[in-house]
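Start from chain A and add chain B according to the hints.
Sequence order for the protein chains is A and B.
Quick note on numbering: numbering that gives the first Met the number 0 labels position 102 of the first sequence as 101, and the sequence is numbered without any gaps.
Quick note on numbering: numbering that gives the first Met the number 0 labels position 300 of the second sequence as 299, and the sequence is numbered without any gaps.
For the record, the hints were derived by calculation from the structure and aren't laboratory data.
Take these hints with a grain of salt, some might be off.
[Stated by the list, open to error] With a straight-line cut-off of 25 Å between C-alpha atoms, the simulated DMTMM-like cross-links for lysine to aspartate or glutamate are: (1) Lys574(B) / Asp26(A); (2) Lys502(B) / Asp601(B); (3) Lys574(B) / Glu139(A); (4) Lys574(B) / Glu145(A); (5) Lys172(A) / Asp527(B); (6) Lys502(B) / Asp553(B); (7) Lys581(B) / Glu139(A).
[Claimed, not checked] Take a look, some chain A residues computed to stay more than 12 Å from chain B by CB distance: (8) Phe17; (9) Pro58; (10) Thr173.
[Unchecked claim] Simulated restraints, written as ranges between beta carbons of each label pair: (11) Gly495(B) / Glu139(A): 16 to 26 Å; (12) Thr323(B) / Glu145(A): 31 to 41 Å; (13) Gln507(B) / Gly20(A): 26 to 36 Å; (14) Ile129(A) / Ala515(B): 21 to 31 Å; (15) Ser524(B) / Ser166(A): 23 to 33 Å; (16) Gly495(B) / Gly138(A): 17 to 27 Å; (17) Ala152(A) / Ser524(B): 19 to 29 Å; (18) Thr323(B) / Gly66(A): 53 to 63 Å; (19) Tyr506(B) / Val60(A): 15 to 25 Å; (20) Gly495(B) / Arg102(A): 49 to 59 Å.
Cβ atoms here follow ideal geometry from the backbone N, Cα and C, with glycine treated the same way.
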Amino acid sequence: MSFLFLVLSPIVLSFPYFVYGFFVGLDLWWGFRLWVGLMGFGYYVFLLLQVAYYACRLPLVYVAAGGVVFLLFFLSMTAPGLVALALVGFFAAVVLALLFGVRSGVFHYSWLAAVVWIFLWNLVGGVLSIPARLVFGAGEMWLWWEQPPAHPAYALAVGAAGAAATSILGRSKTLVKRMCQAAPPRHA
Amino acid sequence: MNHLWYKSRYPREALKAKAPPNARGGVLRIYLNQTVVELVEAPTDVVATYSYHKPDEAKAPKTKAEWIKPPTRKPLDKEGEGRQSSSHQPLGKEGESLHQTSTQSTTVVSPDGAFIYRQYTGWINADDEVCLNVLMPDSSAYIIPNNPTVASVGYNATYVWRTAWYVYTDSYGRGVVVGRGVVKAWAVDPATLDKKMLLGQWPVDLRNGYVTYTTSIPLSWPNQFVGMELCFVPYYSASYVVGANATLGFRKNAIPSAGGTYFLGISPVDRSQNVGGAVFYYLLNPPVRNLVFGPFSLVDGYYGQTLNLDMTVYVPWSTSTCPTLTVTTYVGELAQFSLDSASFAASRYVSITRECIYEVRRSVMLSPDAVGLWYDEARARDKAVAIKVSFSLPVSELIIYRVDISGRRFAENYIDKNVFQWQGLIFRGFISQTTRYCGSARLPQVNGTVVLTNIETYSMAAGDVMDYLAVVRGAPSDYVIDAVRFRVRPAEAFVGVGGVYVKGYTYQEPWWLTWAFRVAQVVKSAADFFGLIPGPLSWFIDRVFDLQRATQPDIQTSTTAEYVEVYWRPGIYDKIYQVAFKMDVSRRDRVIEVVDVEVAGDYRFCMFSPVAVPMPVVAPPSLYNPQLMRHWIFGMRVTNNVPFADR
Numbered sequence: 000m001s002f003l004f005l006v007l008s009p010i011v012l013s014f015p016y017f018v019y020g021f022f023v024g025l026d027l028w029w030g031f032r033l034w035v036g037l038m039g040f041g042y043y044v045f046l047l048l049q050v051a052y053y054a055c056r057l058p059l060v061y062v063a064a065g066g067v068v069f070l071l072f073f074l075s076m077t078a079p080g081l082v083a084l085a086l087v088g089f090f091a092a093v094v095l096a097l098l099f100g101v102r103s104g105v106f107h108y109s110w111l112a113a114v115v116w117i118f119l120w121n122l123v124g125g126v127l128s129i130p131a132r133l134v135f136g137a138g139e140m141w142l143w144w145e146q147p148p149a150h151p152a153y154a155l156a157v158g159a160a161g162a163a164a165t166s167i168l169g170r171s172k173t174l175v176k177r178m179c180q181a182a183p184p185r186h187a
Numbered sequence: 000m001n002h003l004w005y006k007s008r009y010p011r012e013a014l015k016a017k018a019p020p021n022a023r024g025g026v027l028r029i030y031l032n033q034t035v036v037e038l039v040e041a042p043t044d045v046v047a048t049y050s051y052h053k054p055d056e057a058k059a060p061k062t063k064a065e066w067i068k069p070p071t072r073k074p075l076d077k078e079g080e081g082r083q084s085s086s087h088q089p090l091g092k093e094g095e096s097l098h099q100t101s102t103q104s105t106t107v108v109s110p111d112g113a114f115i116y117r118q119y120t121g122w123i124n125a126d127d128e129v130c131l132n133v134l135m136p137d138s139s140a141y142i143i144p145n146n147p148t149v150a151s152v153g154y155n156a157t158y159v160w161r162t163a164w165y166v167y168t169d170s171y172g173r174g175v176v177v178g179r180g181v182v183k184a185w186a187v188d189p190a191t192l193d194k195k196m197l198l199g200q201w202p203v204d205l206r207n208g209y210v211t212y213t214t215s216i217p218l219s220w221p222n223q224f225v226g227m228e229l230c231f232v233p234y235y236s237a238s239y240v241v242g243a244n245a246t247l248g249f250r251k252n253a254i255p256s257a258g259g260t261y262f263l264g265i266s267p268v269d270r271s272q273n274v275g276g277a278v279f280y281y282l283l284n285p286p287v288r289n290l291v292f293g294p295f296s297l298v299d300g301y302y303g304q305t306l307n308l309d310m311t312v313y314v315p316w317s318t319s320t321c322p323t324l325t326v327t328t329y330v331g332e333l334a335q336f337s338l339d340s341a342s343f344a345a346s347r348y349v350s351i352t353r354e355c356i357y358e359v360r361r362s363v364m365l366s367p368d369a370v371g372l373w374y375d376e377a378r379a380r381d382k383a384v385a386i387k388v389s390f391s392l393p394v395s396e397l398i399i400y401r402v403d404i405s406g407r408r409f410a411e412n413y414i415d416k417n418v419f420q421w422q423g424l425i426f427r428g429f430i431s432q433t434t435r436y437c438g439s440a441r442l443p444q445v446n447g448t449v450v451l452t453n454i455e456t457y458s459m460a461a462g463d464v465m466d467y468l469a470v471v472r473g474a475p476s477d478y479v480i481d482a483v484r485f486r487v488r489p490a491e492a493f494v495g496v497g498g499v500y501v502k503g504y505t506y507q508e509p510w511w512l513t514w515a516f517r518v519a520q521v522v523k524s525a526a527d528f529f530g531l532i533p534g535p536l537s538w539f540i541d542r543v544f545d546l547q548r549a550t551q552p553d554i555q556t557s558t559t560a561e562y563v564e565v566y567w568r569p570g571i572y573d574k575i576y577q578v579a580f581k582m583d584v585s586r587r588d589r590v591i592e593v594v595d596v597e598v599a600g601d602y603r604f605c606m607f608s609p610v611a612v613p614m615p616v617v618a619p620p621s622l623y624n625p626q627l628m629r630h631w632i633f634g635m636r637v638t639n640n641v642p643f644a645d646r
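Same shape as in the complex, but just chain A:
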């Protein structure tokens, strides 16, 4: 079950990028805003799935909290100046995911461990995603009305690198308490 979370996470991250044209085709402006919200939500769920891999469960309340992230990203593109909400949405996504990890004991109930973990996760994931960055990383102009801000395959590769980094860091008992092994989840 937990491995399924890990496998699904890159798909969840990249899915919005694959369906960008559909949203923009619905309506140029409102479709775009909906997509931005979906992008933020997808990334939040992606992070959540990394922690869920350790916790061996995915509480619905945390998934539902993604609605806040969705709203923040959606509203960020509704008026000039509100793009700051996208920043807020990003930090909210990270904090909510780590909160899940801390409260569920994945990070030894320690915020410090959680912050160290995500720092290392980003570094390891960065190393693993170097090939994808070399292929897709050229910073081209974003024509927002016809394409997503990143290539869907790039999003898929980055998601896979993140999942691999999660798996690697999970071997460190200092950072992550592998709950699935120590205490099987109640629903399992």
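Just chain B now, with coordinates in the frame of chain A:
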């Protein structure tokens, strides 16, 4: 000229007229069909003159010619090439002789151009010279501040076809020679029209109450920028009414960039042969409601105009009861001035294809107000006139037989006068493009439209050599520019984009937002181990930065072996209706190819096909004088009243 022999009649008192005391030439009086014309032997420097009297009820012998003063010169003065005295010709040969003069010249010259001079009324002291102002439109907006008496003929003028003088004063009797008119040819500065050197002058005695003509004054200075003046010098102090008219015939050498010869002065214009894509067959899918034709532009501006529209329109309709079709035409650069509206009933209904067919023919005479408006446009950056045709129903098929503007164009003389209003930019090309739905398949088949975008290219001739590409939103005006993609060929001719200038609303990011993203950048750098290894977390921060960057304009340049491609878009909240790109260039021939211009309103539109603008290299010898160069590349300059917001 022959009509003069028949229309003019000889006033009784004119028979008592005496030749002026200092008149040296002979006078041949001709009676023909109750018309009397006196042919006056031309003074030394005048090619040929004749005069006639204003119509009168006096009767004259039917056919008779007599010398009232014997000629003093031989019939053909071989010393004066091109000159011709009419005084020794028999009656029957006279008109023929003058005609030959004209014919000889028209083998190489079309006597189309004309300058009209403003009548002068007032006291003039003896021997004081009064030069007449060139006639301008009757508007204070067109007052020529400097050198108002100089009519610029330009380069390669070949001869003055005719001048007509009329002088009258109450102080002396009719027929008395009261002064002389002088036709002066000057070498003038093409930029300022300041007179540099007197090339030649031709005096002609003027008789009170008479109309006096000169013909065939040669202008043999093809490499000089020639300006013409008509001046009156009275022999006696008196109050005079002086009127003059000059018709200048000339030809300019073909200019490759201009695509042929052109002429100055006021000349008839019919653009029906030159409307390019407007005379066309359109299969409109999806059907559209608005069509924009033009813009039509001439180098010299418009004087009087007639708009003609002739087309067949097909409208899909399910029943034979066809609705009325209304066609509204507009003028102005952005089709902002409504001009004419007319309704058309369907001429027939085709049941097989279920189409109503309309024959739309409309001819519109333009009012003097419109002329003034258009002339004002002519002086500005863009003389183009756009015609918008709006249909009450979506139109699926359109055959246009004729869309043209007929009228007269002004001499560029008037444009040249206002030298202080002009900058160094030189107009190189003008293209109008009708944009269409980018993805028509997904869009509804009604409420369609096409949008006009105007594409202009300029060069900076003085100082640094630079190219400008300007994209201007056309009509209708509720669309904004969302992207421009163009190429410069060859790649070596492109050095870089030196600046992007826009007009319209631009979103300005507040300072606190800028700082918020700067802090986020610091966090990202720290997470990346000082920016060296960006991971999945940093990747998503970049997506957030993408959202911020979407609110700012962006530009991208890519290079191939053949060309350099530039892609630009404004910010997501910007509403740009004009964008200009400044490009440094190397000194070689180049082509700017506009691949796509995207505009957006309710829907997005793309260019139907790419357009290319040749940009011949600016000739270094011409660099010192933009105005001189303007004449050679068939361009025009822009006024300094073009406020761009530098981005």
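Cross-check of the supplied hints:
no. : hint                              : verdict
1   : Lys574(B) / Asp26(A)              : holds, 19 Å
2   : Lys502(B) / Asp601(B)             : holds, 20 Å
3   : Lys574(B) / Glu139(A)             : holds, 22 Å
4   : Lys574(B) / Glu145(A)             : holds, 18 Å
5   : Lys172(A) / Asp527(B)             : holds, 23 Å
6   : Lys502(B) / Asp553(B)             : holds, 16 Å
7   : Lys581(B) / Glu139(A)             : holds, 22 Å
8   : Phe17                             : holds, 15 Å
9   : Pro58                             : holds, 22 Å
10  : Thr173                            : holds, 19 Å
11  : Gly495(B) / Glu139(A): 16 to 26 Å : holds, 19 Å
12  : Thr323(B) / Glu145(A): 31 to 41 Å : holds, 40 Å
13  : Gln507(B) / Gly20(A): 26 to 36 Å  : holds, 31 Å
14  : Ile129(A) / Ala515(B): 21 to 31 Å : holds, 29 Å
15  : Ser524(B) / Ser166(A): 23 to 33 Å : holds, 26 Å
16  : Gly495(B) / Gly138(A): 17 to 27 Å : holds, 19 Å
17  : Ala152(A) / Ser524(B): 19 to 29 Å : holds, 26 Å
18  : Thr323(B) / Gly66(A): 53 to 63 Å  : holds, 54 Å
19  : Tyr506(B) / Val60(A): 15 to 25 Å  : violated, 38 Å
20  : Gly495(B) / Arg102(A): 49 to 59 Å : holds, 55 Å
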